Amino acid sequence: MTTYAFLLDLGRCIGCQACVAACKTGNELSPGVQYIHISEQTRGVFPALQSSIKNHRCYHCADAACVAVCPTGALYKEDGLTRLDASQCSGCAYCVDACPFNVPQLVNGRSNKCDGCAEVVKAGGQPWCVKTCPSNALMYGERETIMAEAHRRAEALRVRYPHAQVYGETQLGGLGVVMVLPDQPEQLDLPANPQIPAVLNTWQNVVQPASVGLLGFSLAFTGLAAIIARRNHKQEVAHLHVQNSAEETAAVQPDHANET
Amino acid sequence: MTTNASPTRKVLRYSVKPRLVHALLASSFLTLLLTGLTLLWSPLSPLAAGGLMRHLHYVGAVLFMAVPIVYLMVDRPAAKELLWDSFHYDRDDWTWLKHVYAYFLGHCEGMPPQGRLNAGQKLHHAGVVIFSASIVISGLVMWFGKGMLNANGLAVAAIIHNLSMLILTVLLIGHLYFTFVYDALAGMVQGYIPEAEARLEHAKWVESLPQKEPWLVEEN
Amino acid sequence: MARTKLQISRRNFLKSSLLSAAALSISSCSAQPLATVLNQNGLRLPWFRTGEIKTTYNYCDMCPWRCGIVVKSVDGQIYKVDGNPADPKSRGMLCARGQAGPSFVYDPDRLRAPMIRTGARGEGKFKEVTWAEALDYTAEKLKITGQAFGPEAVAVFGHTSGDFWFTDYFAQAWGTPNAAKPSSSLCTSPREEAAKLTYGLPIGGHEPVDWDAINCIVLIGSHIGEDARNTVMQDFANAWARGAKVIVVDPRFSNVAAKADYWLPIKPGTDTALLLAWLNVLINEERYDKAYVADWTTGLEALAAHVAPFTPEWAAEITDLPAESIRATARLMADNLPQAAIIPGRHVTWYGNDTQRMRAIYMINALLGAYGREGGIYFSKSPYIEAYPHPPFAVTGSSGGCSAEPGQESAELPLGPTGKARADGARTNFLRGATAMQELIPPMISGEPYPIKALIVYGVNLLNSIPNPQRTIEALKKLDFVLAVDVLPQEHVAWADVVFPEATALERYDELWVVAHKTPYIAMREPAIEPLYDTKPAWWMVRELGLRLGMEPYFRWETAEEYLDARLLSIGSSLDKMRQTNGVIVQQGKPYFEDFAGESPFPTASGKIELYSDELASAGFEPMPTYEPVAEPPAGYFRLLYGRHPVHTFAKTQNTPLLNELYPENELWLNEDEAGRQGITNGQYVWLENQDGARSGPIKVKATQRIRSDAVYMVHGFGQNAPELSRANGQGASDTKLQTTYALDPISGGAGMRVNFVRIVKEV
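Chains as they are written, first to last, in this note's numbering: chain X, 1 to 260; chain A, 1 to 220; chain D, 1 to 764.
It cannot be assumed that every hint is accurate.
[Stated by the list, open to error] Keeping only pairs whose Cα atoms sit at most 25 Å apart, straight-line, the calculated SDA-like set for lysine to any residue is:
| hint | chain 1 | residue 1 | chain 2 | residue 2 |
| --- | --- | --- | --- | --- |
| 1 | X | Lys54 | D | Gln684 |
| 2 | X | Lys122 | D | Thr50 |
| 3 | X | Lys54 | D | Glu558 |
| 4 | X | Lys122 | D | Arg91 |
| 5 | D | Lys702 | X | Glu186 |
| 6 | A | Lys212 | A | Leu12 |
| 7 | X | Lys234 | X | Leu224 |
| 8 | D | Lys700 | X | Gln34 |
| 9 | X | Lys122 | D | Arg49 |
| 10 | D | Lys702 | X | Asp189 |
| 11 | D | Lys577 | D | Glu558 |
| 12 | D | Lys72 | X | Gln126 |
| 13 | A | Lys204 | X | Asp189 |
| 14 | X | Lys54 | X | Gly124 |
| 15 | X | Lys54 | D | Arg242 |
| 16 | X | Lys234 | A | Ala203 |
FYI, nobody ran anything at the bench for these hints, they're computed from the structure. Given the structure is predicted, the values throughout are model-derived calculations rather than measurements.
Sequences are here, hints too, so could you generate the full structure?
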């Protein structure tokens with residue numbers, strides 16, 4: 001199966017926010033909602049400074065925590081990217097809590113995040129951010145091609161930055177946003193080896209099947225049993241009344257006798 | 001002879017206060033169950049999107065957590081008794097539990113005599129107490145724990161929360177089952193049940209009741 | 001019609017907003033169409049699947065760079081603007097501001113109808129009138145002014161891409177030489193005049209840097225990336241990724257400085273000393289393109305003697321930079337010659353000595369052999385197209401500006417119909433160059449050298465771009481008549497007698513965009529939708545005014561399409577034909593020496609690059625640049641520096657909903673250690689007071705290591721006092737309001753604005 005990926009070259013990115021605006025307009029995002037956040041990262045003391053741009057967005061993890069915890073299936077993997085069908089979303093916010101990068105947000109009570117411009121790409125276009133990036137810091141394509149380009153760029157970047165590297169090849173099963181970093185990930189506020197807690201997988205593997213199975217079994221079993229059990233109980237109660245009235249008849253007569 | 005029940009005599013199963021507390025528990029629990037279900041089950045998620053169900057869930061949670069407090073406030077002895085009973089089992093209880101399948105299928109005759117709560121009810125209540133505690137704690141963690149806990153912690157809380165609810169729901173199904181089988185609804189709605197049936201299921205308890213109103217009434 | 005449409009969309013909007021409380025909260029202040037309110041993610045059809053997409057061609061008006069764009073609309077609603085792949089500037093890409101074009105169109109604060117003032121001037125009280133009333137009234141006022149004082153008494157200030165119609169076409173047909181654009185004397189004049197004095201050619205709107213092959217890029221104060229000119233960002237990123245060396249000279253660690261091989265955190269105001277030292281190293285160490293210099297320059301010996309004392313050690317003292325860095329960077333340039341150049345930059349009116357500084361830059365480029373060489377500075381060429389065949393204008397234009405075709409300024413100052421030349425002091429207060437906008441303010445107040453009585457302001461944010469706005473207000477009070485043409489109720493609009501609401505670039509036809517370039521090209525502008533409200537394009541306004549002012553011969557054309565087709569006919573094209581080539585016509589350029597077949601490409605007196613300028617010497621100026629110290633900040637004060645943010649343009653976009661959201665207020669960059677010394681914390685709001693007691697604020701402090709401790713920095717264009725701008729009003733601080741003084745460049749007439757100092761006021 002072909003999977004797709006973004007390339008995000010943080011060597012080239014100069015922080016112009018063209019991607020942010022293209023994403024907001026192309027995807028008609030509400031005021032206050034952004035799928036991409038650009039911020040500055042500075043290290044060192046004047047004048048020995050280093051700085052890079054943080055480009056915070058959904059990284060489309062292969063082992064996506066949000067997908068693992070989503071109880072309704074609104075979040076799902078497709079073509080290597082993490083899609084969101086908000087019409088299926090209940091707003092439970094488990095994805096908000098689970099994402100190791102703090103990406104999904106609730107908007108109007110539903111989860112909201114980059115879906116890799118699913119509709120645009122299906123219509124044959126490039127994701128809005130990729131199409132507009134003046135620095136050519138963004139690319140979109142088959143993951144293999146993107147990965148090769150990432151390694152090519154990282155290699156070239158090492159002439160300037162000895163620690164330049166590719167990020168996202170293996171992290172979380174491989175990110176759908178493959179990054180070219182000018183420095184070590186820790187320097188750029190990225191976890192070197194992010195982990196999804198194994199416990200997240202119990203949601204879909206344990207909790208959901210257990211719930212469906214146990215509830216289904218309980219309902220079916222008690223439903224059937226109820227018919228039999230209620231009949232039995234009714235018989236016992238009827239029997240009880242017969243007994244009682246017999247005893248009562250026997251007991252009452254002497255009283256009457258006393259009276260008379 | 002007083003050991004035998006008259007068909008017109010009824011015993012007070014639940015006084016007004018426990019009935020109200022039960023109503024509060026039932027309504028808050030159902031609110032939580034239904035609103036929770038809209039959050040977890042995709043065919044219902046359109047109802048939940050927008051946050052109304054989420055907020056109703058919070059309201060239900062507050063009411064649910066208030067149940068033990070309300071119970072202790074309005075009928076302290078009854079509340080304490082319920083709690084004590086739920087966790088204390090005598091020889092009859094154990095024998096009863098060994099033959100629970102018979103009770104399950106509607107047979108009371110031949111079962112060991114039971115007190116106010118039969119052993120099954122005790123177990124049920126004990127389960128409700130334990131899993132209510134776990135669902136409340138995990139729920140509070142999910143509600144207020146953001147920022148304090150990492151994704152792992154919150155996920156564990158969610159899983160505990162949902163498994164607790166699963167068990168409580170199974171307990172509810174059993175609860176409804178026995179209510180249906182043993183026609184027990186009247187007791188919780190009106191308070192009185194026929195003495196004969198009470199004697200059948202809770203002989204020791206009926207014996208212990210004072211033989212006067214309001215515990216015992218004649219109805220014609 | 002347009003208004004009805006808007007109401008419908010507002011009703012839809014309200015309906016949809018009932019779905020959520022969050023959406024409801026914005027309904028009260030917003031005429032935002034439905035489209036921008038809900039999200040996609042499968043909740044509903046994305047805009048591009050809701051109907052037939054209409055594609056129109058345009059050139060962007062969100063900044064003066066003017067990238068070619070493709071505008072996508074559905075059912076009369078603009079949804080998306082993308083870079084036009086056929087356009088040599090955008091190449092299919094676009095910056096954040098361009099993306100916000102539709103947001104600018106649908107800004108609910110827009111001016112909606114023509115208005116005539118009812119209250120006192122500056123009070124902002126107007127009544128809405130019909131276009132006929134507004135035009136009749138304006139024509140009457142202009143006629144009276146023209147009859148009493150001559151047409152020269154009307155000044156026309158224009159900016160943004162419709163400025164041609166008022167500042168060029170109307171002003172010249174009417175007969176006033178007092179037409180000015182801020183892009184000249186408030187921006188690029190020193191750069192243009194220095195270029196013409198040194199190698200005979202202007203820089204032009206599109207800086208002719210041959211990015212494709214450049215190997216050493218030197219930026220002085222240019223903050224590419226924050227200054228988000230699309231093409232430059234593309235070119236820089238590609239050159240950088242290719243491995244080109246980058247030297248950035250900036251008191252601030254800009255985003256591009258972070259990518260540099262050398263960052264020189266120079267002491268502000270001492271750039272010329274650094275440039276002289278670089279010249280010294282290149283010449284002393286004989287690290288220059290000797291053959292090139294011999295063939296194509298004059299005055300090397302004089303220059304060598306001139307710069308001999310200016311050693312790196314001498315400059316190190318002045319610039320606060322290590323001598324070794326100065327030497328190393330000069331050598332780095334030389335190692336890469338001729339694929340090395342100092343980028344001319346754009347806004348260069350800094351200290352009043354700016355033309356001389358720019359000349360020093362061009363001299364270094366000349367020593368590096370950059371001009372006309374691959375990877376250096378190419379020769380840009382204007383595309384061939386005829387002007388519209390109108391009768392000769394009453395006065396020749398000299399407004400210049402980065403949009404003007406190169407070489408418009410003639411040696412002789414053009415005279416108006418009553419024999420008056422420009423009132424800006426050209427030839428007396430400064431030597432040459434395009435009309436200096438800020439120098440037209442004093443005649444409005446003093447009546448010297450002759451009175452200016454009326455002012456037309458087209459798209460210039462008057463009080464947030466010309467330094468000394470207090471003086472500008474004084475002038476506004478004295479004028480007999482002020483016409484403001486704008487899209488938004490900017491601060492100065494409150495001072496107008498008549499307000500013409502303009503249709504935005506995406507709602508109108510406009511003059512062709514004719515770009516001198518490596519590949520000369522022409523781009524077109526056509527409307528994507530009908531103008532909203534009762535707004536009109538500038539071409540319609542000037543035509544209607546012209547017809548009322550007896551200028552019929554200039555307005556034989558009835559529509560913009562007719563005008564444009566007449567021009568395009570001269571190159572065998574038409575609007576329809578242009579649409580078939582994606583709205584752009586690209587022509588052949590002559591970028592390199594080889595294209596000149598042995599003839600000199602330098603139209604100077606000597607036919608060479610003039611390192612020594614006879615022209616300057618004979619006018620009484622230094623023939624070669626010297627370092628003259630600029631005033632230092634008094635104790636307790638910082639030098640006020642300003643610049644750009646990638647999502648904002650000048651003082652134009654602060655209210656645009658999308659861009660306002662991305663950067664709603666500017667910040668005061670203050671050295672972190674200095675902030676600590678003053679007890680100021682990051683994020684704290686402070687006020688600024690300048691050397692003359694002018695105040696602006698409150699502004700949020702960004703305490704950072706990224707700036708020197710002797711200067712503070714803010715993004716230009718904020719701190720506007722315009723109550724009608726619901727988002728921008730009062731946000732942040734205004735650099736312009738803190739620029740109560742400026743240093744006039746005696747050569748180009750540029751207004752050096754970095755001569756103001758501020759102190760931080762913690763409590764007011």
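Problem - Hints violated by the structure (listed by number, smallest first) - result: 3, 13, 14
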